[in-house]
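Start from the sequences, fold in the hints, and give me the full structure.
This note's numbering applies: residue 9 is where the sequence shown begins, and numbers increase by one.
Honestly, the hints are just simulated from the structure, not real lab data.
Quick reminder that beta carbons are idealized off the backbone N, C-alpha and C, glycines included.
Please note that a few of the clues may not be correct.
As the list claims (entries may be wrong) - Pairs of lysine to any residue residues, derived as SDA-like cross-links and limited to a Cα-Cα distance of at most 20 Å, are as follows:
{"id": "1", "residue 1": "K135", "residue 2": "E183"}
{"id": "2", "residue 1": "K191", "residue 2": "V173"}
{"id": "3", "residue 1": "K105", "residue 2": "V173"}
{"id": "4", "residue 1": "K119", "residue 2": "S165"}
{"id": "5", "residue 1": "K139", "residue 2": "Q172"}
{"id": "6", "residue 1": "K191", "residue 2": "E160"}
{"id": "7", "residue 1": "K135", "residue 2": "T186"}
{"id": "8", "residue 1": "K85", "residue 2": "K105"}
{"id": "9", "residue 1": "K85", "residue 2": "V104"}
{"id": "10", "residue 1": "K43", "residue 2": "G99"}
{"id": "11", "residue 1": "K139", "residue 2": "G99"}
{"id": "12", "residue 1": "K43", "residue 2": "K105"}
{"id": "13", "residue 1": "K191", "residue 2": "K135"}
{"id": "14", "residue 1": "K105", "residue 2": "I76"}
{"id": "15", "residue 1": "K105", "residue 2": "V93"}
{"id": "16", "residue 1": "K139", "residue 2": "D126"}
{"id": "17", "residue 1": "K135", "residue 2": "A162"}
{"id": "18", "residue 1": "K85", "residue 2": "V124"}
{"id": "19", "residue 1": "K119", "residue 2": "T94"}
{"id": "20", "residue 1": "K139", "residue 2": "A91"}
{"id": "21", "residue 1": "K135", "residue 2": "D155"}
{"id": "22", "residue 1": "K135", "residue 2": "E146"}
{"id": "23", "residue 1": "K105", "residue 2": "K191"}
{"id": "24", "residue 1": "K105", "residue 2": "T51"}
{"id": "25", "residue 1": "K139", "residue 2": "V104"}
{"id": "26", "residue 1": "K135", "residue 2": "G99"}
{"id": "27", "residue 1": "K119", "residue 2": "T186"}
{"id": "28", "residue 1": "K119", "residue 2": "K85"}
{"id": "29", "residue 1": "K191", "residue 2": "T138"}
Stated by the list, open to error - Beta-carbon label-pair distances, calculated as ranges:
{"id": "30", "residue 1": "K48", "residue 2": "V16", "range": "27 to 37 Å"}
{"id": "31", "residue 1": "M20", "residue 2": "K105", "range": "41 to 51 Å"}
{"id": "32", "residue 1": "L64", "residue 2": "S127", "range": "43 to 53 Å"}
{"id": "33", "residue 1": "G99", "residue 2": "L64", "range": "15 to 25 Å"}
{"id": "34", "residue 1": "G133", "residue 2": "E112", "range": "21 to 31 Å"}
{"id": "35", "residue 1": "Q45", "residue 2": "D155", "range": "42 to 52 Å"}
{"id": "36", "residue 1": "S40", "residue 2": "T96", "range": "51 to 61 Å"}
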Amino acid sequence: MKKFMKLVMAVMVMAMSVGMFATPTHEVEAESNYKEQAQKNITVIHTIVERVEDGLAYTLPIDDNDAIEDYILVEAKNYEQGAIVTVTMDGLGEIVKDEYTLNEELSTLYKRFGDVIDSYEESFGAKIETKIINIELEDGEWAYGSDAEGYEYAVSSDRVEVGQVAQVTVNEFGEVFTVDVLKSI
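In structure tokens:
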């Protein structure tokens with residue numbers, strides 16, 4: 009029995025020396041807490057796609073106050089050059105979500121950072137046009153109107169109503185940046 013107890017004690021001493029029964033140190037706990045808290049900190053950045061290559065969209069930040077000096081790479085999905093993409097990241101810089109930036113948000117973004125967007129688009133040749141559209145249909149969240157050439161555009165329904173004529177600023181991908189109601193019919 010004494011030999012057995014000595015053997016058990018020897019195994020326990022060895023196990024403790026290699027950390028088998030040891031508790032995490034304060035350093036490990038602090039790092040774990042940091043990562044946990046950082047994942048809760050969410051940052052939303054609006055970007056513009058400069059190019060798509062090998063399944064990745066290389067996007068440039070629009071509204072980050074020059075905090076990011078490099079590309080933000082997102083899965084290409086169906087993004088094209090000039091598309092405005094909203095990227096949501098956690099505090100560790102991991103991308104949580106990316107999606108097209110839509111109407112109201114896009115309009116506000118263009119009003120505040122239009123010069124930045126314009127300079128990016130000019131650098132890779134995207135065209136910005138002003139169109140006059142007649143709002144013909146509304147289906148809850150979206151209102152739809154077409155221009156004189158027959159192209160249809162979607163606008164947030166809280167901005168316009170059926171029967172109104174609106175002036176919109178669009179890029180070559182049909183994304184609406186600004187909406188100004190000209191008249192109601």
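Hint check:
no.: 1; hint: K135 <-> E183; result: holds (11 Å)
no.: 2; hint: K191 <-> V173; result: holds (5 Å)
no.: 3; hint: K105 <-> V173; result: violated (35 Å)
no.: 4; hint: K119 <-> S165; result: holds (19 Å)
no.: 5; hint: K139 <-> Q172; result: holds (14 Å)
no.: 6; hint: K191 <-> E160; result: holds (19 Å)
no.: 7; hint: K135 <-> T186; result: holds (15 Å)
no.: 8; hint: K85 <-> K105; result: holds (12 Å)
no.: 9; hint: K85 <-> V104; result: holds (15 Å)
no.: 10; hint: K43 <-> G99; result: holds (8 Å)
no.: 11; hint: K139 <-> G99; result: violated (40 Å)
no.: 12; hint: K43 <-> K105; result: holds (19 Å)
no.: 13; hint: K191 <-> K135; result: violated (26 Å)
no.: 14; hint: K105 <-> I76; result: holds (18 Å)
no.: 15; hint: K105 <-> V93; result: holds (10 Å)
no.: 16; hint: K139 <-> D126; result: holds (17 Å)
no.: 17; hint: K135 <-> A162; result: holds (18 Å)
no.: 18; hint: K85 <-> V124; result: violated (24 Å)
no.: 19; hint: K119 <-> T94; result: holds (16 Å)
no.: 20; hint: K139 <-> A91; result: holds (18 Å)
no.: 21; hint: K135 <-> D155; result: holds (17 Å)
no.: 22; hint: K135 <-> E146; result: violated (28 Å)
no.: 23; hint: K105 <-> K191; result: violated (38 Å)
no.: 24; hint: K105 <-> T51; result: holds (11 Å)
no.: 25; hint: K139 <-> V104; result: violated (35 Å)
no.: 26; hint: K135 <-> G99; result: violated (35 Å)
no.: 27; hint: K119 <-> T186; result: holds (7 Å)
no.: 28; hint: K119 <-> K85; result: violated (27 Å)
no.: 29; hint: K191 <-> T138; result: holds (16 Å)
no.: 30; hint: K48 <-> V16: 27 to 37 Å; result: violated (44 Å)
no.: 31; hint: M20 <-> K105: 41 to 51 Å; result: holds (49 Å)
no.: 32; hint: L64 <-> S127: 43 to 53 Å; result: violated (23 Å)
no.: 33; hint: G99 <-> L64: 15 to 25 Å; result: holds (23 Å)
no.: 34; hint: G133 <-> E112: 21 to 31 Å; result: holds (27 Å)
no.: 35; hint: Q45 <-> D155: 42 to 52 Å; result: holds (49 Å)
no.: 36; hint: S40 <-> T96: 51 to 61 Å; result: violated (23 Å)
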